[in-house]
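Novice: One letter stands for each residue in the lines below.
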Amino acid sequence: QQQVKQSPQSLIVQKGGISIINCAYENTAFDYFPWYQQFPGKGPALLIAIRPDVSEKKEGRFTISFNKSAKQFSLHIMDSQPGDSATYFCAASEVGSGTYKYIFGTGTRLKVLA
Amino acid sequence: DTEVTQTPKHLVMGMTNKKSLKCEQHMGHRAMYWYKQKAKKPPELMFVYSYEKLSINESVPSRFSPECPNSSLLNLHLHALQPEDSALYLCASSHPLSGIGNEQFFGPGTRLTVL
Chain A
1 QQQVKQSPQS LIVQKGGISI INCAYENTAF DYFPWYQQFP GKGPALLIAI
51 RPDVSEKKEG RFTISFNKSA KQFSLHIMDS QPGDSATYFC AASEVGSGTY
101 KYIFGTGTRL KVLA
Chain B
115 DTEVTQTPKH LVMGMTNKKS LKCEQHMGHR AMYWYKQKAK KPPELMFVYS
165 YEKLSINESV PSRFSPECPN SSLLNLHLHA LQPEDSALYL CASSHPLSGI
215 GNEQFFGPGT RLTVL
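So the sequence lines, in the order shown, correspond to chains A and B. For the first sequence, position 47 matches number 47 in this note's numbering, and the numbering has no gaps at all. Add 114 to a position in the second sequence, counting from 1, and you land on the number used in this note's numbering.
Note that these hints are calculated values from the structure, not bench results. Values in this document were obtained by computation on a predicted structure and should not be read as measured data. No residue lacks a Cβ here, since even glycine has one placed at the ideal position from N, Cα and C. One thing to keep in mind: the hints can contain errors.
Here are the in silico distance ranges between beta carbons for each label pair [as the list claims (entries may be wrong)]:
#1 B:S179 / A:G41: 34 to 42 Å
#2 B:G128 / A:H76: 40 to 48 Å
#3 A:G16 / B:S169: 43 to 51 Å
#4 A:F39 / B:A194: 42 to 50 Å
#5 B:M129 / A:S10: 29 to 37 Å
#6 B:P122 / A:K15: 34 to 42 Å
#7 B:L229 / A:K15: 39 to 47 Å
In silico lysine-lysine, DSS-like type, Cα no more than 27 Å apart, as pairs [what the hints assert, rightly or not]:
#8 B:K136 / A:K42
#9 B:K136 / A:K101
#10 A:K111 / B:K154
#11 A:K42 / B:K154
#12 A:K42 / B:K133
#13 A:K15 / B:K155
#14 A:K58 / B:K152
#15 B:K155 / A:K71
#16 B:K136 / A:K68
#17 B:K167 / B:K154
#18 A:K15 / B:K133
#19 B:K154 / A:K71
#20 A:K42 / B:K123
#21 A:K101 / A:K68
#22 A:K57 / A:K101
#23 B:K154 / B:K123
Chain B extracted, bound-state conformation (with noise of 0.2 Å):
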């Protein structure tokens, strides 16, 4: 299994919601990422997960709340988010000792959506 799945595709919250996005790899990656791209912006990272622990947080704000259950699963829990977050959430992963580099492979995304 070489692919990196995504659940949803779509997602339609309202601002007082709470809803968890899922990300899921059988590569036996030990990385794992989550980022946000905006249209026609290249995907900015949010958080890294290094062997199940949080190893970087680029100041997201608390309404987003990741986490790595085990090495082949990671969540993004999202709670009171705003219009502006609107926008397409990739997971990735990557073995962090591959001998070629730091390949991050992605997964479909999930399209959401902030009313």
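Chain A with its partners taken away, still in its complex shape (with noise of 0.2 Å):
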């Protein structure tokens, strides 16, 4: 119940097109949703992150969207590029329970081609 499905494992897209990257979660205690990027060699970095009362949040190329019934939501990459070639994690956390753990998905490696 605790682990948190993540599709595919990897991607590749070319320039300019949309990525997407799915997760899928069995604990409804679950209440912040997080996406993280990596890069080969460096610690992840915070992308964007959800709550369970919203259906959709954007940040610029990026786009949250949550699907509190199903359980599942899924990171949208707007006209990807060739530096947003990295890994990408989700993760989901009980924010509420105060224990302060990622339950992280298995990770994405996504390609943009040129």
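Join the two chains into one complex using the hints; note that each chain is given alone, in its own frame.
Specialist: Shown next, in the form of structure tokens:
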């Protein structure tokens, strides 16, 4: 029940295209869903995050779509650029419990072709 | 200052060595974390400190010993490690009372190689 399932494992997109990464969870107590971007040899960087009280959040070219009833959320990268090539991790957390723990998805390696 | 710093960037040690990893943040965060990350895997939580007290230990072997000397510093003491402990060690911090959520900010990591 603590798992977050992430797909696809890898993704190749043409420059200018839309990259879509999906995550699904079981634990309905999760109430915070961040996405992280990680370049090789670097630490993960917070991209965008959402709480379950909204269905969509947009920041620049990055959008999170959230479907509470389906227990799914996804990251959309519009106008994908070669510089977006990185590994993306979704995560889920129970902020209300005060445990501070993230449950990470398994990651998606995105490659954007020039 | 909005970053988490970690030193050293790279560390090579033998199985009998004792070394320490250091993490520092000046964002006023009162929760700090150690993660271990193997290649092509997500970060794996090791320890959480909240207000300088250890609140989570994810059953980490005793050869890893965390320490939180003050609200800005987090150390990870290493002793008698095994080659399978080679990984990227990440530090993170967060404000436990954030109004948005538990945004964790990660440092760049220490690449550890155990020979």
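Novice: Confirm or reject each hint.
Specialist: Okay, the hints, checked on the actual structure:
Checked against the given bound of 34 to 42 Å, the beta carbons of S179 (chain B) and G41 (chain A), roughly 26 Å apart, lie outside it. The hint said 40 to 48 Å for the Cβ distance between G128 (chain B) and H76 (chain A), and at roughly 47 Å that hint holds. Against the hinted window of 43 to 51 Å, the Cβ-Cβ separation of G16 (chain A) and S169 (chain B) comes to about 45 Å, which satisfies the hint. Under the hint 42 to 50 Å, the C-beta atoms of F39 (chain A) and A194 (chain B), about 32 Å apart, miss the expected range.
At roughly 35 Å, the beta-carbon separation of M129 (chain B) and S10 (chain A) lies within the given 29 to 37 Å, and the hint holds. Distance hint for P122 (chain B) and K15 (chain A): a CB-CB separation of about 37 Å, consistent with the stated range 34 to 42 Å. The hint said 39 to 47 Å for the Cβ distance between L229 (chain B) and K15 (chain A), and at roughly 42 Å that hint holds. Of the supplied pair hints, the one linking K136 (chain B) and K42 (chain A) holds, its CA atoms being roughly 16 Å apart against a limit of 27 Å.
Between K136 (chain B) and K101 (chain A) the CA atoms are separated by roughly 21 Å; this keeps the pair inside 27 Å, and the hint holds. Taken as a hint, the K111 (chain A) and K154 (chain B) pair is honoured in the structure, with Cα atoms around 14 Å apart against an allowance of 27 Å. For a cut-off of 27 Å, the pair hint linking K42 (chain A) to K154 (chain B) stands: about 13 Å separates their Cα positions. Between the alpha carbons of K42 (chain A) and K133 (chain B) the distance comes to roughly 21 Å, so the proposed pair stays at or under 27 Å and holds.
Distance check on the hinted pair: K15 (chain A) and K155 (chain B) sit about 26 Å apart at the alpha-carbon level, within 27 Å; holds. As the CA atoms of K58 (chain A) and K152 (chain B) are separated by approximately 31 Å, the hinted pair breaks the 27 Å bound. Between the alpha carbons of K155 (chain B) and K71 (chain A) the distance comes to roughly 23 Å, so the proposed pair stays at or under 27 Å and holds. Between K136 (chain B) and K68 (chain A) the alpha-carbon distance is near 39 Å, which puts this suggested pair outside the 27 Å criterion.
A C-alpha spacing of about 31 Å is found between K167 (chain B) and K154 (chain B), which places the hinted pair above 27 Å, so the restraint is violated. Taken as a hint, the K15 (chain A) and K133 (chain B) pair is broken in the structure, with Cα atoms around 44 Å apart against an allowance of 27 Å. For the given pair, K154 (chain B) sits about 25 Å from K71 (chain A) by alpha-carbon distance, which is consistent with the 27 Å threshold. With a CA separation close to 10 Å, the supplied pair K42 (chain A) and K123 (chain B) stays within the 27 Å bound.
Restraint check for K101 (chain A) and K68 (chain A): satisfied, since their Cα atoms lie roughly 20 Å apart, inside the 27 Å limit. A threshold of 27 Å between alpha carbons decides the hint, and for K57 (chain A) with K101 (chain A) the separation of about 22 Å falls inside it, so the pair holds. Distance hint between K154 (chain B) and K123 (chain B) is fulfilled; the C-alpha atoms sit about 19 Å from each other, no more than 27 Å.
In this structure, the hints that do not hold are numbers 1, 4, 14, 16, 17 and 18, in rising order.
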